[in-house]
Amino acid sequence: MSDDKGLEKGQAPDEGAEADLDPNHYHLRLYVAGQTAKSLAATANLRRFCEEHLAGRYDIEVIDLMKNPKLAAGDQILAIPTLVRRLPSPLKRIIGDLSNTEKVLVGLDIRPKDAP
Amino acid sequence: MERDRRPELDKVRTGITGFDEITFGGLPAGRPTLVCGAAGCGKTLFATTFLVNGAMLHGEPGVFVSFEERAEDIAANVASLGYDIDGLVAEGRLAVDHVRVERSEIEETGAYDLEGLFIRIGFAVDSIGAKRVVLDTIETLFAAFTDETVLRAELRRLFGWIKDRGLTAIITGERGGGQLTRQGLEEYVSDCVVLLDNRVEDQITTRRLRVVKYRGSAHGTNEYPFLIDAEGISVLPVTSADLDYGVTEGVISSGVPGLDAMLAPGGFHRGSGILISGEAGTGKTMIASSMIAAACARGERCMAFVFEESGHQIARNARSIGLDLQAHVDSGLLRFEAARPSLYGLETHLARMHRDIDLFAPSLVVIDPLSALRGPASELQATLLRMVDLLKSRGITAVFTSLRTEGGFDAQDEFGVSSLMDAWVKLLNVEANGERTRTLYVIKARGMSHSHQVREFRMSSAGIQLVEAYIGPAGVLTGTARLVREAEERAEALRLRQEAERRRREIARRRDAIERQIAELRAGLEAAEEEESVLLGETEAREGRLEAERRERAARRGAAS
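So the sequences go chain by chain: A and B. Residues in the first sequence are numbered consecutively from 1, following the UniProt record's numbering. Residues in the second sequence are numbered consecutively from 1, following the UniProt record's numbering.
It should be emphasised that the hints constitute simulated quantities derived from the structure, not laboratory data. Don't take each hint at face value.
Stated by the list, open to error - Derived lysine-lysine pairs resembling PhoX-like cross-links, with alpha carbons at most 25 Å apart:
id	chain 1	residue 1	chain 2	residue 2
1	A	Lys92	A	Lys103
2	B	Lys163	A	Lys70
3	B	Lys163	B	Lys213
4	B	Lys213	B	Lys11
5	B	Lys444	B	Lys213
6	B	Lys163	A	Lys67
Required output: the full structure, derived from the provided sequences and hints.
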């Protein structure tokens, strides 16, 4: 739809302008706690998944609660890892290492760009 | 606690009245405690009180992790108790974290753990240096996560983590499923388990608390009633079965001079239990009011638990016998606590009294009437026993009034409390000759000799006055019969006096008569003696003459011979 910039950043500094404009833009935030196996798996799964299904219309913010513990309360984080879909609304939470692709699809409510 | 002399488990005071007593010091320090009970039992309040007291009284900051209520709600719920949650949060003495769990927002897509929760609690704890933590109610998590195995493993880890961090924690759990908690949390929290209960009997609710287990510590094992009201939560340690309380010395006046005079020391022993029993309208409350007024006049604090009248009504009625109780109420010496007997269960009444007495610290307590408290006989007896113990152990003089039913004029009493009482004054209306007379007598008064008379008393604007007893050959008389009898006696006395007077006059008269006779006789005698002496003189003269004649004749004969 929009110009595909293919944003794929570890820490997305700007989540504002173009995300609001584009209803299909995915702003995702992944909460992890240190470099645990589950965290690493979730990060890897997320990146792979986004590339496959959301190429060019997503940005990912990875938050390490070990470094920023006070951010846990803001998004009501209990389980680690938790993926929060901040945009498009409504807010969605997906917990686990994202190994179950089917559930991630359902959870993120993803309509693949090039639906077959 | 003072009662535990051996060094024991470190304990943390909850500041909940009574609870620290039954656990001999509070909750186990640095360990999690499970507080469980059905909905509406006061778990959250118990936990909140624990935190607020920690922050305000013991200098231990606390973290409230709420899984159910929002921080604002928690603050609002306890604001009426005077707990300023927001203020404490602002001062960094309390942190509230609302963990919102919404099943519908969560999709599970593989392996996870609850590290996020740990981090949140850890962060909150570190941010204010908390020593106390409350997790209310962690069971909510079971609704949010489908993988129970993970959840249970994480809970086990969480409680281990709490112990490692040395946090004194309260974990609340909802009762259900035949277990203490719905999800069997007791399996994880094994150091201390407190069960709250809310039971309805005869449409009256009584809250009870029981320490189910307390590893490494002695604890009271009974069910203890507890209260939740405007003063917060308070537990009543009820099993003071020991009789080792000290005795308070001193004698206090009952405010009725005549009644004091019936007791050898001139009043009741301070700290004793006094039962005033009588039928309706015999003046029980008035005598109790007199005792209140007397105590207040001595500058002592009084507390009256009244179950049938309001405090204002009693104060008004007492004015009719010249007592101004309202002035004492206004000066803060006297407090009325009026409640309908059916408002609470027995236990709750007792717990309420216990709390109020501890707060007000009166030296005289009036319970008017004791007989208004209703309940199963066994419970009633036990409650009254504890009530008496409670008062005695504090050296408080207690006045109980008891309404006796018609015809109950024997030593048998329906409450079995008389044996607990140190003094028993019985009021009795005597009906005779078409009138009713108020009488009282002292059935017993431990530790003093006392009058055994039945005494008549009158209530007037001058107060309660005992009338001098009439004791005569016909027995003790009261009322008009006494007056009549007294009048009769006066008449009789007058008659006797007059009789005596008459007899005295009679004797005087007779004495006069006899004396007159004596005088006459004496005069007669004198006359006779006079005559006798005259006669004697004449005789001597004649004999002299005869002698002279004889000598004359002899001389003549001799000359002749």
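Hints, one by one, checked against the model:
| no. | hint | result |
| --- | --- | --- |
| 1 | A:Lys92 to A:Lys103 | holds (12 Å) |
| 2 | B:Lys163 to A:Lys70 | holds (22 Å) |
| 3 | B:Lys163 to B:Lys213 | holds (18 Å) |
| 4 | B:Lys213 to B:Lys11 | holds (15 Å) |
| 5 | B:Lys444 to B:Lys213 | violated (45 Å) |
| 6 | B:Lys163 to A:Lys67 | holds (24 Å) |
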